[in-house]
Amino acid sequence: MNNKFYIIGILFLSLGFFACDDELNDLEPFTEAEPSAFLTTPQNFEIVMNGVYRQLWLYYSDPGSGLQGIPDIISDNVILAQTGRRSNADYYDLRYVASTLRAIPLYWSEAYEAINGANLIIENISNIDGTTEQDNILGQALAARAWAHFDLARIYGQIPTQSAGANGTLGAVYLKAEDGDTGSTIEDALAEPARETIASNYEEIIEDLERASTLISEDSNGEGTLNKNGVEALLSRVYLYNGEYQKVIDAANKVTASLATAEELPDVYIDNTNAGVVIELSINTSSQSRGNNVGVLYSQSSRGETVSEYVMDFDFFNSIDATDVRKSVLQFVGINDDIEYNAIKKFLGEEGQTNGLVDVKVLRMAEVILNKAEAQFELGLEADALASLNELREVRYSPYVAGTETGVALEDAIQFERRVELAYEGHRFFDLKRRGEGINRNATNGDIIDGTGTPPTEATLPAGNFRFQFPIPIGEINANSTIAKQQNPGY
Amino acid sequence: MKVHYYKLLMLFFFICSVSFAQEKDISGTVTDDKGLPLPGVNVLIKNTSKGTQTDFDGNYVISANRGAVISFSYVGFTTNDVVVGDNTTINIKLAASAAELEEVVVTAYGVSRKSSVTSAISTVGSEDLQDFVPSTSIDNILQGQAAGVQVTASNGRPGNTAFVQIRGVGSLNASTTPLYVIDGVPIPITDNDPTRSLNPLSNLNPNDIESLSILKDAASVSKYGSRGANGVVLITTKKGKKGDAKIKFTSSYGFGQRIADPFDLMNAEQKLEIERQYAELGVAVATRLPGATSSPQELRDLIALDTDWEEELLRKSVIQSNSLSISGANDKINYFFSLGYNKDTGIIDRIDGFERITARLNTSYQAKDWLGIDTNISFARSTTDLPRDRNNVQNPFRGVYDYNPYEPLFSRDANGGILLDSQGNPVYNPTSTSFPIARALQTETDSTRDFLIIGNVAANLTLSDKFSNRFSVGLVSNRLNRTRRSIQGGVLQGFVGDSQFPGTQTENAAIDFEYNIANLFSYNDTFNDVHNISASFLLEYNENIRTDLFVNARGFPSPDIPYIEVAAEPTRAGSEEDRRILFSQAIFADYDYDGRYIASFSVRRDGSSKFGPDNKYGTFASGSVAWNIAKESFMDSSFFNDLKLRASYGTSGNQNIPDFQYLPALGFENSYNGFSAGSPLRAANPLIQWESQAILDIGVEFGFFNNRINGVVDYFKKNSKDLLLNRPISFTVGDEDNGIFQNIGEVENSGVEFSLNADVIRTENFTWSLGGNLTILDTKVKKLINGQDIVRGTFGNIILREGENINSYYLVEYAGVNPANGAPQYVDLDGNITETYSDSFQKIQKGKTPIADLQGGFFTSLKYKGFGIRGDFVYRGGNYILNSQRQQGEAIGNINRNLRTDAFNYWKEPGDTNVLPSPLFRTTADQAGTTRFLEKGDFIRLRTLTLDYNMPRKFLDVIKLDALRFFVTGQNIWTITDYNGDPEIGIGSAESGEQGDAGFVPGEFSLFSYPQVKSYTFGVEVGF
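Sequence order for the protein chains is A and B. Numbering of the first sequence is given in our numbering, commencing with residue 1 and proceeding in unit increments. Numbering of the second sequence is given in our numbering, commencing with residue 492 and proceeding in unit increments.
The following block holds chain B by itself, in its conformation from the complex (with noise of 0.2 Å):
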């Protein structure tokens, strides 16, 4: 999609915008009761489908004729009705009212009065999407917008997903990830398993969304029954607004890089020293390198070579969004339309980096009074190039630190000319790591393109004033196309490759496929005008699907045909089918007393296809209170807007565990001497169900000074239990891991939440308004099988410990150098201090994990007049991370690649301290998994920081628009840290362990992945 086809858009609807103004202009400013402008007031023809919005002054402008009737209608205020007279300005004061001030909450299956919500509950608005980068998905939108909810991006690659983690670490080894519902559908996410990963997520175009509700605790997860004990996050997509159609045309363009590191490479002159150092104290790898051996020319020319090899592997990246929606909706039909376009080239040179294509069409019809209906449906298509990622030579992250300096990137002849192949193109330097990244990036690709249907058509039937019904059946469908080659004379093939058939290439497809019919039956009451009494019934149906295949050949005849049809034979070949299936029944019920009690409960019973026959249902139950003392009549005279006190407990389950664990199985993977061969692959245990939750929630809400300050605090405990640990078993059973999945172990999270809005200054020209939220988390170990430690982590560096924090750092303790002869040192399981090292030295760090015990997020947001600037702050405190990235930049061991300049500040005499130890002690010092690289993981960033400036009235009355907007926006451009790199990380080394491998602990370490990226963005907003 080509912008320009965007511009002849942009012309066609100057063009309808023109016609449209043929009629008499009224305009004018609506305020509140105050005098204050009202921003987003609709202002509607009366009987036709013709509106306007008054924009942030409070101005409308709307061609009507004499006797129109124009309504303002503003949520929280009155609606007045005007008739259009003689004049052609009609300012308009709206008064607040108390009924309609109701906010309207998305909550479980349904929508709710704020105020009569029991539950505790989350909601990200549209309005607090949109500075951030539209290519950015989701999930990583929602880091610090809400308290409760942890998220941290997988890392910086573009089109990743982020780790969401709602109250804490609620399973060991099942998915924590939240379930997200998008109008009704349930996302599937598969991350408990990385040959089978699909998250869709990143494939949703943030511009579409209007709303997202993060359901925390019992009283609402519970209505999710066995899927949710992660929490769920609801998303709401865009609907039309009564009134004309509103054309809305959105273009942002900008840079992106690498965040600095507050530390320096040596450069060559640097490098060369070190290495003649190293060598004059015998260090035997070193007295091989330039340093050691080159004359004082050779030195020279070596140094004059100094290459930066941040500049030669990593570029600036080009940001680019381009979204155009179309919406509108009159008494009959609603729609919402979109189209958008976004590429990241991510900041790797030489290859792609994350391109998206998404339309949308939401629309709902009133068909007859009694039904409607509804059908969205969504579709996008991306694609993204996949660096290696992990920690050797193929990874272009690692080759930024650990190429030499006096090495350039393209090999030089005997006269330092650079060398030319045949085809007489440059020839990159292999470099002493014997691996030129630069051309492995252009000769080892691999690229996977996705299209992702979402969609769902639903009837609602108004049967009565009392019973409703609504039946709607969702799917979604990602189908995964993934190509992985090797090019004939490319890199890898010089290593593996076979001559005979030069080049493999390898094609993955993958369906995914889940649909969900849903049915649910709904009764509303009134006794008395005050007892309101609401239930329903549900009856849920969720299927899924997915396929897999798998092709990898060898042979090709050139480099240029990428399809396996040309190859000369096929290698392996694959395919596989999974399955799961769930089929719930529930209810629902509501009870409040005139707006001031109110009671909820809800049951709802699972079955599911992953458990075996003993186990296959399971029942869930919660039950709220709330009681809003605002409402109460002594409150009459206080300042409270709002004050509720609610409380809710109830249970939920996870059931993301591999499927048919309850069956004994036999495996066919393999093959023995060429023939079918089946062995025993697991041992069953029929007793298997789902991971079970328990959450207890009490929380305050209120708002006060007309609301303008308002806020949330809660308390929660969560409990979860019956969570699967695969309990090590004799190997006498003769299954293939030794091991079987048994519902066993306890953990517990618990924590305080507060959130807390303010509009500190409002008036008509100046408003300054700031808010943020904390959550501070306690985690806690409560039951492991037998009581037995469990040593986890990608490299064994966490711990599980009865009594102790979740996922406990698990190091042996570094005592610093000793001053007498620079030996690193040591403590041993006595607590002596000692010059040796062992790996059973490996001691619990108490109260030392990578979950933060506090965190969130504020903002702050200045408006004047068309100016606005708003900053979105993002922080997080008392995690650690292993900094196994500084460990290799100052490792003795890789004094053949390059060092941090630190390296140079080892032990050199007696009674050095604050030394690194002397490079005499390579095997003691080089040791990674010790307290000398376990670093604080404090920080805090400004997320993004936006400057827009929105075009006064009389100014857009002239050329015609509606509204035009000129936005600046800059993301991560500001980090406070004490950590030695960039302290936000999710995946360490995605290739040793990411989502779904066994024992991965999200922000445990970092090791070359792809580091978060810092961009500015400049964009405009037009609206018709």
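With the rest of the complex left out, here is chain A (with noise of 0.2 Å):
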């Protein structure tokens, strides 16, 4: 035996170790992808923005917290069932802080999720340059970066028409691909931007919007997208939140879509149709059974009985008229524990369903109307304004009988209608907010259906009081030192 012989030999056989760097280098995620390698197709571009979408659901369907219900509960149209489990009781109570759990961190936590989806759409969107479903994809992913930071600005910042002021006071940090503020570096996830003005807030937003609506298709991109009739409704809310009011009035006559009739409302919120819904987020209950149950904000079903956390304010209740169809679309009877609650039916579920799993609706023409209508009545142009408040009473009233209102009345009127027509479907806090309104629950009714039981603890939220501005969540106060130094006056 040949010693040296052998000894090259295992040297050599040990070389052929060396080539195992390539194996190290060459391996990948298996169920994850990372972004740009990913974002190759349009197919794919899709996929992503299928996940903004989502990513917008999560924080406007959470069964805790949803962007969808909690406007509501810290508004005027609810009061505290007893015999709940007194979820969400710190907003309803208007005593949340930078520490409250729920909605608070997820508004913010999960916006910026959907944005950062967008953003990277748009950083990568010249990977598909030259195909047809480009400015389609792009214009969705701007119009949805643009709702994100809206529902930021309008949460945790002030309405450009709430004060004088609102405009020079802080937002949101808007974030966009295109000026370099996203990135895979470990200096762009350590980065501490800083708040934003509103104004500056709302010039980007409504840049975003109106560019998306250059780009985005006019038919509709399947259930659950945003399409052209999606953004100009998106901008009517803007502009109205803005005090653009002619724009409100253009933005709102682009939209195509018809109110949904007297008889197809009920079907509206049992998703057996999508009358009237500009933008929703949406479900497929058949293939999401474990999805957020959106209803479970007002209610959930145990073994017969509904347990309400929350149920509809008398005063409110009784402010509709018998002959409003809107009346048992939104109210039922529910009894927990032998006790009767003017419970919200909104929400409920499917046909037929109490476990409150239906799509969200973001925006309905209902809404574009009365947006018109508000901007109308802020133009000074009255008899429009009736008209286009009219339109929308004459599929919800029957026997409907014109309405002839002018000056404050009108004015009331329209947002009467609002309150009604909206309600439970998260804009009340932001209409009172947005008009520089106080928030005022009857002091003196209870929560049971004959107004007896127990009034709310608080009964009032001046108008300009800190909390219509939702604290800066504790975890970004504590990750970053910049907006450490902004948060909201109050908190």
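No lab work stands behind these hints: they were computed from the structure. Cβ atoms here follow ideal geometry from the backbone N, Cα and C, with glycine treated the same way. Some hints here could point you the wrong way.
[As the list claims (entries may be wrong)] Okay, derived cross-link-like pairs now, DSS-like style, lysine-lysine, Cα gap no bigger than 30 Å in a straight line: (1) A:485 with B:515; (2) B:1274 with A:485; (3) B:1274 with B:1337; (4) B:737 with A:485.
[Claimed, not checked] To spell it out: a stretch of chain A is covered by chain B in this simulated footprint if at least three of its residues, at any positions, have a beta carbon under 8 Å from a beta carbon of chain B; those stretches are: (5) 43 to 53; (6) 101 to 115; (7) 472 to 482.
Using the hints, put the two chains back together into the complex; each one sits in its own frame.
Structure (structure tokens):
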């Protein structure tokens, strides 16, 4: 046996191992994907766009704190049912602080995840240069980015019309891939950006939406997505919040959808029809039986009983006329522990269900009309405003008698119809806020169906109170030393 | 596998052994130079494969022909050859041999003579393992056996593993479990992700194990590079000993039961009385309870029911074990074959516990003078029933404490008779919890089946007397099947089921596969008789692949067909794969001068797929020196047999972190509106790398009085830095968890380890030996993110703060009951006593942590003639446990559940002291995260006590057996502790927090996890 031969042989064998470097470097994630490597085909862009919609859906539909319900819970539309689980009591009782869990960190976190997804699309959109889908995808991403930023700005900041100085106060951080705000280096991950002013936020929101409207498809992109109608409808809302009333009217006029009729309206809330729905965040209940059940914000059923968390405010319920078809869309008699309540019917579930698993109605044609009516009124076009309002009332009252209000009565009528039409869809708090009004709950009425029971602990929130702006969540304050110096006043 | 098979086997071997005994029998006694009997001496007939060993009295019998040469050999003694003459009795006195005294120690990538080892290694031999219940897993057995090794049983569930930490807590977020290597094959253990957990240790048969070497200092762990930071446990399985086939059969049978609590639960009468008292005080809930609402007659009926829920829900477990081994060797071949069967039914009635079958064959074959081939292969199959382990009504152990004693197991009808269902079966009482757990155990089942293969093949080439090469391929493969069912008509179906789709079932199949290819090229040389040099070059490639598949379905035609094939529809399904690769190169070098001055050096470079291009490779190095003082000429006349000073320093790493953290990622786990959706998952840290560690170790080893007293003292300082911490990042980055893993943290563990063994008395008929070890440990957090505290623990009751101990408790300080009004009082942040409670009063409890400051074990063993008794104790001190279980048993809000009798001792009138708060202060009194429930965890426990009897040779001769041993073992039969419960706590509540869950800290609190069990087993061991 020749030792040298063997030794050389062994060394040779050993050298074979050096090829292992390739194995080491070539390993890639299995169930995940690196964004820039994945975003190469229109189909893959659509998958990431779905992810963006999903992020929006996550914070709108959250069963504990969805944006579909919290703005009603903080307002005068509901009263806490004593036999419920007292969920969201910190919000209802208006005592939230930066460390309060659920809604406050949820919106801030999930909206920025949606924005991150949208920015990944915008950043990589040139990968599908020349494809027919490119503009439509880019349009959706820009619109979704604007939408999420708009939610952040109206939740955590003032609304431009809310007060004289609102535009100079702090809103959200507006993140745009085009400006180099995003990236995948360690510096990007550790960035501590500053909040920008409300004026600047709204400027960028509108800029993104206006650009989106030139790119996005006029046809539907499928249920639960944005198209040109959606963008224009969103613009009508954003302009209203920004006090640009003529633009509200112009945008509203570009929305081609029609109102849900009185017959269709009940079916809208059990997802039998999408009549009058311009933007929704959808759930496919057959494949997503474990998805967020948004209706749990208001109630859940347990062994035949309706465990309501929040029920209709007694005064509000009684202010709705018996001829109003919306009365039965809004209310049913919920019984828990043998006590009857004006339980909230919207979002109970699809037909025959009480699981709370339904699509989130983000923006309906009715709102577009109401936005327009309000803008017309603000511009002094009372006749136009009344006509717009009657357009809605015609399909909501049976029998219908055309309204004839003018002046303050007309303004009140617009706001009343808005409150009833959009009740429990996440508007009331923002409507009070943007109009500079306070929250005035009836301090003596209780939660039970006849107005008895326990009245609210906190009956009022005066206009201008700091709680109209949510605090920046403690998690952001701890991680971002810049924003730590920019917490909203009062917190 | 049934016992009667063994009986057949035994019979068969009886016949064989009779036929062996046809030649002339030679017998005698082997003693050492002082005339003391030597047990275990190899007695071989030269040039044959025939051989035996002396029994514990030093006696042997062997059949041999006249003229044959009998060779007597024993470690540490000179081998003696005797030619068989006319005498049938040959008594031999063996002389101690300086050269052969050398014990051999299994070390990193090889074996070494004990005297030339320069690093801190603890070893545990098979004789220390044999007294443990064989279904216990290896890591549990390590408890108290070796200095510096902290072992805490996860809980008492049969087949569960333990938390093993070597020299303190070396990481904050990555796994702290040591690397286990069995016969050179690294065992993959995944415990940093509860959804992918894998721990094959419970499927090793302890009877197969020859020795365990625990590598603790840098000089040895550094050789394992990026996997060595938590220490390394080398497991060596048995080999055949030269001589004829030896057949050993062991069988044992025993019972286990819950260790009794040091407190009482209320009986029906007491419970009803406290309900009455609470109601009288105006506690609203109590006013609706039977104690307040029942008539005297109803009360008498309820009291008559008096249910002992422990009796109804738990049982005595049956612990059974059978094992068979056949081993032997000659000049060419060496073999060890074994079969094992273990069963532990567990103490929960109505479900099965743990059952395991193992098989192993180890062989080595000298194919040519220069070529040896080794094959070790083992299979294990086990099944485990998993009860729910969470703090709610689904947990049977909570049920034992929770269910009211006036509620019976079965529902009663109006006349007090047992209610029957339509099939005539008694109806389980849902009780006031609405959850009949005795029934749920049968309808909501969860069981796992594991099939484990561990194998390795190796070729050893002796190239010359200086060069050699070992090439080996090892693999570990585990297939896990898990079935979770909720059958139609079952308890949970009543809550969450869909009546149109009765019954749900989830099937999980996961295959873990890891292979390891290693080539070790070695060189040994000696110059001028005194300069001994050896060097090795290692190449190693290790790849781990895990695939996972699950499907969930609903709608079963019958609860008796547990297959998804028949389900109405699948509801969810998924599959995934993980893979990681480690590629390593290393050089190890040792030098010694005349066995007196020794130096070792190692350097290893690891490349890991877990890290980004910038940090793909890491280099780990160590150096160590030792001085064998005992070998110096000036020590010739000293009483020291061994005296060695050694020191080592080096680095190692911990790469047990999640994969691909260096890449940004999109996740696709969720769909949107039924369509695929990709969402940003995490922000990338391209700079991520392993956690690194540096250990300094200085040690002294000594042995004197003919090594009858020997011991080791080690000082160590282990600095772990670049620890991965999840740094909170701005939400605006838009990743899923608003954090990024960064190599920031730093902790230090330092301590002293002592171990000492002594043969106090050693005479012909009587020996007494004792030994033990002690580890004193100090931990410190050195660096966190920007110096900010990290609050962790399952319920946020633990804090990391720079300069303080690792995992200090973070609790609200309890200031007792206000004697004036019975209100519980707390200390606010300004130090004022207040009757209000707020989570914001939490503050660090300096020096109080779940980590023991000192711990270890000791044993004592007495042998008189054939009788032996050995007790192994473990102890621990200086740690604290949050007794959440006591909180539950005293909670005012739990008045609708059973309580401890202590609950009667509440404040009743002004001036009462040493009492529980008045029931009127439920909200402030029922707070768990306060120092009121923080208790010292010190204990001493008699881990095992074994009585055995070895049949003397003269009787064995009659029944033609080689050995016969009877034994009785008690485990956990005696404990001293002040803790109000069982102090041996790993997991507090598995589904709230276990290995891999964020912030989980072992031993933090107790909350109805599977309790420890005490057991008694009786067994017999037969050798042919």
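*Tell me, in ascending order, the numbers of any earlier hints that this structure violates.*
1 and 4
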